[in-house]
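Taken in sequence, the protein lines are chains A and B. Here the first sequence stands for residues 0 to 289, numbered as in numbering that gives the first Met the number 0. Here the second sequence stands for residues 0 to 144, numbered as in numbering that gives the first Met the number 0.
In short, the hints are calculated from the structure, not lab data. For every residue, glycine included, the Cβ atom is placed at its ideal position computed from N, Cα and C. Keep in mind that a hint or two might mislead.
[Said to hold, decoys possible] In silico lysine-lysine, BS3-like type, Cα no more than 30 angstroms apart, as pairs: (1) A:48 / B:5; (2) A:48 / B:135; (3) A:142 / A:27; (4) B:66 / A:48; (5) A:204 / B:127; (6) B:5 / B:144; (7) B:66 / B:98; (8) A:27 / B:98.
[To be verified] For each label pair, taking beta carbons as the anchor points, the in silico distance ranges come out as: (9) A:283 / B:74: 56 to 66 angstroms; (10) B:96 / A:61: 34 to 44 angstroms; (11) B:18 / A:39: 25 to 35 angstroms; (12) B:96 / A:109: 57 to 67 angstroms; (13) A:108 / B:103: 55 to 65 angstroms.
These are the residues of each chain, in order.
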Amino acid sequence: MTERIIIAVLYVILAPFVIGLLDGFDRKISARMQGRRGPSVLQPFFDLKKLFEKEFLTANKSQLFMIRSYLVFIVLSGILFFGGFDILLVVFSLSTAAMFLILASTSTHSPYSAQGTHRELVQIMSCEPMELLVAVGFYLATKTFNVNEIIAGSAISNIVYLPGFFVGFVFILTIKFRKSPFDIATSHHAHQEVIKGVTSEMVGKEYGMVTLAEWYENAILLGIVGLFFLNSNPVSIVGAIIAILVVWFLEILIDNTSARVKWQLMLKLAWGVTIIAAGMNLFLLEIIMG
Amino acid sequence: MSTIHKSPWLLHYDGSSCNGCDIEVLACTTPVYDVERFGVINTGNPMHADIFLITGGINSQNESVVKQIYEQMPQPKVVIAVGTCACTGGIFKECYNIKGGADTVIPVDIYVPGCAARPESIIDGVVKGVALFKEKAEALKAAEK
Numbered sequence: 000m001t002e003r004i005i006i007a008v009l010y011v012i013l014a015p016f017v018i019g020l021l022d023g024f025d026r027k028i029s030a031r032m033q034g035r036r037g038p039s040v041l042q043p044f045f046d047l048k049k050l051f052e053k054e055f056l057t058a059n060k061s062q063l064f065m066i067r068s069y070l071v072f073i074v075l076s077g078i079l080f081f082g083g084f085d086i087l088l089v090v091f092s093l094s095t096a097a098m099f100l101i102l103a104s105t106s107t108h109s110p111y112s113a114q115g116t117h118r119e120l121v122q123i124m125s126c127e128p129m130e131l132l133v134a135v136g137f138y139l140a141t142k143t144f145n146v147n148e149i150i151a152g153s154a155i156s157n158i159v160y161l162p163g164f165f166v167g168f169v170f171i172l173t174i175k176f177r178k179s180p181f182d183i184a185t186s187h188h189a190h191q192e193v194i195k196g197v198t199s200e201m202v203g204k205e206y207g208m209v210t211l212a213e214w215y216e217n218a219i220l221l222g223i224v225g226l227f228f229l230n231s232n233p234v235s236i237v238g239a240i241i242a243i244l245v246v247w248f249l250e251i252l253i254d255n256t257s258a259r260v261k262w263q264l265m266l267k268l269a270w271g272v273t274i275i276a277a278g279m280n281l282f283l284l285e286i287i288m289g
Numbered sequence: 000m001s002t003i004h005k006s007p008w009l010l011h012y013d014g015s016s017c018n019g020c021d022i023e024v025l026a027c028t029t030p031v032y033d034v035e036r037f038g039v040i041n042t043g044n045p046m047h048a049d050i051f052l053i054t055g056g057i058n059s060q061n062e063s064v065v066k067q068i069y070e071q072m073p074q075p076k077v078v079i080a081v082g083t084c085a086c087t088g089g090i091f092k093e094c095y096n097i098k099g100g101a102d103t104v105i106p107v108d109i110y111v112p113g114c115a116a117r118p119e120s121i122i123d124g125v126v127k128g129v130a131l132f133k134e135k136a137e138a139l140k141a142a143e144k
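Isolated chain A (complex conformation):
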């Protein structure tokens, strides 16, 4: 139990630094892919620090409360995940957090926020089935939702049983990380035709908190990627880290080589991949394990 508490505390302290640094490398690698020098790898930290130093102007005071709740629920989901609790609970807690982001962006009357919120809802609709199916997949393979037991239960990594779920999950990660071609609600990049979508009306520290919450969320999502590769053998941690880095690089590559698509195509593609990849895997798993 002590070990689980230590990992959860480490998550709360280290996740922003690790993901912020990965984000810095993301911007550097993206710049190199475009033939530019790019900013320092510490740039995301400079940006975050600046956001907290800016004057706080807000159209609606309740927005700050919603954003704080968003951050708290994301961190709570992370504690549940890295503390080794129920993965189903993590998925539900993440959805609750997303609801607070929606409430925050609709609390102002900006048309840009409204547009962004609509698209954010479509994105949630595209991702949610796959997130839920990942939890179901782990249950079918290991007969438990408990993250700790999923890891400790077998000497074989779950990716062997769940390749379809993995493909589906990596596909929706592009949406979750707000990368092209799916950066519809708010782009990972600053320049965007609908201003900044859900975050349009978030000023200074509010936007800083949203950025921080996204880093915490990305840590959970990459943690789930790692969970596919972890098993009772401690050496599998190396495999999990390599898998996480490969998936991260793949997302940068997709981001830099694809044009943006409309939300209709996003929905069709996300659900298509979910049904085909995860659905087939689910079907086969039922036959083999059932």
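Position chain B against the provided structure of chain A, taking the given hints into account.
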């Protein structure tokens, strides 16, 4: 140590320019000039912007727009007028609908002359603007204390 100057986010607004300066501003973000290496991001949202980069003169239609954008930007903020038109009104100065340069409606901190302003001089202006941004941030902090 304050690192606020390492993250200047730009907002570009085209007043009534001929688009010559606008193209040069965009050229600054291309691989040749790459302003992102200074941490500059070209944002479209005044609420996230630190530096207001304005090209072209002010006319009676965009006067209120420029004022509103300026007011929506949180402190500390810096305004840079790029090109002769944004500095003084340029060749359009005598037109019936032109009020003059950007400083006729909002306080301008840095003037970058040129028709069109070269990317090198725009970057020079932005770098000066960034130094001023840091000064303003420190002054604001001192005033709060």
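Hints and how they fare:
Proposed proximity of residue 48 (chain A) and residue 5 (chain B) is supported: the alpha carbons are some 10 angstroms apart, at most 30 angstroms. Of the supplied pair hints, the one linking residue 48 (chain A) and residue 135 (chain B) holds, its CA atoms being roughly 16 angstroms apart against a limit of 30 angstroms. This hinted pair does not check out: residue 142 (chain A) and residue 27 (chain A) have alpha carbons roughly 42 angstroms apart, beyond 30 angstroms. With a C-alpha separation of about 27 angstroms, the suggested pair residue 66 (chain B) and residue 48 (chain A) falls inside the 30 angstroms cut-off, and the hint holds.
As the CA atoms of residue 204 (chain A) and residue 127 (chain B) are separated by approximately 26 angstroms, the hinted pair is consistent with the 30 angstroms bound. Restraint check for residue 5 (chain B) and residue 144 (chain B): the C-alpha separation of about 23 angstroms stays at or below 30 angstroms, so the hint holds. For the proposed pair residue 66 (chain B) and residue 98 (chain B), the alpha carbon gap of about 14 angstroms is at most 30 angstroms, so the pair holds. A threshold of 30 angstroms between alpha carbons decides the hint, and for residue 27 (chain A) with residue 98 (chain B) the separation of about 43 angstroms lies outside it, so the pair is violated.
For residue 283 (chain A) paired with residue 74 (chain B), a C-beta distance near 59 angstroms keeps the hint of 56 to 66 angstroms intact. Taking the beta carbon of each, residue 96 (chain B) and residue 61 (chain A) are about 42 angstroms apart, inside 34 to 44 angstroms as hinted. Against the hinted window of 25 to 35 angstroms, the Cβ-Cβ separation of residue 18 (chain B) and residue 39 (chain A) comes to about 32 angstroms, which satisfies the hint. For residue 96 (chain B) and residue 109 (chain A), the Cβ-Cβ distance of about 30 angstroms falls outside the hinted range of 57 to 67 angstroms, so the restraint is violated.
At about 31 angstroms, the CB distance of residue 108 (chain A) to residue 103 (chain B) disagrees with the hint of 55 to 65 angstroms.
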